Amino acid sequence: MKKNRRCLIIGLMAFFLLAVVAPASFAAAVNTGKTGAPADKYFETTAYLQDIAFEKLPGKERVILGFSEASGAIIENRNAHSVIAIMANTYIPEDFRQPLGVGKLDNVHNISASQQDKDGQPWGYVTMEMKERVPYMVRKDGVRILIDFNVPGFAGKANRPRDTGLEKRQGYAARNAGEALPSGRNQGAPDPFETNLNKLISIDFQEANIKSVLRLLAEEGGVSIASGDDVKGNVTLTLKKVTWQEAFETVLAVQGLGKVKEGDVFIVKTIDRMRKEEKTKSDEAADRVKRQVLQEIAEQEKRVKDGRLPQISIEAKIVEVTRSGSRDLGILWGTSWKNRWGGKDVGFIFGNSPVMQGQTTSTDITTPSSGSVGLAVNFPSATTTPNPALGVIVSSANAVLAAKLEALESVGDGRIVSAPKVTTLDNEKAKIGQGEEIPYVSRDEDGVQKVEMKDAKLELEVTPKITSEGKISMKVLATNKAADWNKVNKNDENPPLVASNVESKVVVSDGDTLVLGGIMKKYETTTTTGIPFLSKIPVMGWLFKSQSDLTEERELLIFITPRIVKET
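Numbering (the numbering used here), first residue to last: 6 to 573.
Read the hints as simulated data drawn from the structure, not as lab findings.
Certain hints may be false.
[As the list claims (entries may be wrong)] SDA-like cross-link-like pairs, simulated, lysine to any residue; straight-line CA separation at most 20 Å:
| # | residue 1 | residue 2 |
| --- | --- | --- |
| 1 | K123 | K284 |
| 2 | K266 | R280 |
| 3 | K436 | N506 |
| 4 | K470 | E320 |
| 5 | K123 | R102 |
| 6 | K571 | I471 |
| 7 | K526 | A488 |
| 8 | K462 | R559 |
| 9 | K264 | K284 |
| 10 | K264 | I215 |
| 11 | K510 | A52 |
Small disclaimer: the values here were computed from a predicted structure and weren't measured.
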């Protein structure tokens, strides 16, 4: 009996020592902040989150999501107190994957961003948490998405100085430009929550239950941590003078766990569970996008049946000019364009010809009498093989252009090969072709000759779409296939087909003209003159005749003028 009593006393003393020593293993140190952050993983994609900004306006609070380029998003309620923005094919840099906007607004108190991959495609998520559930409105402004939350209860606070609260983290755009952006999120007093997450601690666990470790971390950091039944196992690790957040992340990494922040609560989950949940969310988002696309297609088909779908008339001119005629046309082009941008008169044209010359001008449209007139650009190249290039002529210069084309035809420096017109529905492809079919001789396996026809022509594909501003966006593909009769195959006498193409996507105003150039054609002519009979004597005939070889290069210019068909 005495022996059992002695064992009981020793066991109680050992339990008491463990209960005192385990919590004491957390030694808090001076808060010096995080010493470094992992670099963003490079992810080449269509768009990425560039900045997050906050604005307080009368009766509402605004969250602005800025992207590197225009990006679509689905905004929906996640729960009673949060709204989530879902962006397909969008990358979220590491600097945004942490709590943002704390203290910036009154009702929207926390912003968090995350990144998931689905079938090799990045999906971005931005969650906005609210203290009270309020109506909101979403608006797209270029590369920005604006979410306005109606907060009439906070309207009295809107008279305070406006706080833009720009959360411009060290994103890719700033890093590529070498800019140093502020890393802090608050310009005023430090956030107590952030202070707890960044204070230094030391921990030492030996086969400690993960539930107990999470409970002690929650007490040390002054935060709330929740976990499910699938979070289990023991932890063994030693960390000295690391931030609370680093310690938390290390414990999760060792156990193969992840976390989700809901309000002020960290929810710890297994990686498999998080992947399944994110896959479910991604599938639901993809299904919603697919339903929206199908709905838009159905609405478009209905508008087509009802005759209410906008139509676009495309007028094309395919012009063949000599090099001198091309140069003259380019000079007129340069002096014939004027527009206004930002309240100022400007001239504008562009191309990739390597010897482009000229200067910008804001003068009115004038007919040049000499080469001294200021030019927007001397469009044609001075080399023998110009590169494909393109430019824009505003509608006010089209009459001058037409007059110049007629003048070129009258002097033999150019001719209009074709002037087709076609009308197509909005966002539907229109195709125009000009050329001929060439017979090609080939032999089958038995050596029998057969003839097949191949296209040697200029093809133009245009897909116009009316923008919300009333302009016309065009996808243009011009392909030229021509037979080179100077390189005819001696065996079958088939000429090779030489192909060149120009592809571009531009936005022009209604009635403006897009110009494609740089497609060349070469003509070779041999002329023999001499005295009849005597010039035909072998060898001696060269004394009574002469022969001249003429090589002429002509350039194909394609003028495309789209116009919106007005409803009657």
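Hints versus structure:
With a CA separation close to 7 Å, the supplied pair K123 and K284 stays within the 20 Å bound. Among the hinted pairs, K266 with R280 is consistent with the structure: their alpha-carbon atoms are about 16 Å apart, no more than 20 Å. Annotation: proposed proximity of K436 to N506 holds, straight-line Cα distance about 15 Å (limit 20 Å). For the hint linking K470 to E320, the alpha-carbon distance of about 15 Å falls within 20 Å, and the restraint holds.
Our distance criterion of 20 Å between C-alpha atoms is met by K123 and R102, whose separation comes to about 18 Å. In summary, the hint linking K571 to I471 is supported, as the alpha carbons are separated by about 12 Å, within the 20 Å threshold. For the given pair, K526 sits about 10 Å from A488 by alpha-carbon distance, which is consistent with the 20 Å threshold. A threshold of 20 Å between alpha carbons decides the hint, and for K462 with R559 the separation of about 15 Å falls inside it, so the pair holds.
Restraint check: the Cα-Cα separation between K264 and K284 comes to about 16 Å, which is no more than 20 Å; the hinted pair holds. Pair hint K264 plus I215 holds up; C-alpha atoms about 14 Å apart against a cutoff of 20 Å. A distance of roughly 18 Å separates the Cα atoms of K510 and A52; the hinted pair therefore holds under the 20 Å criterion.
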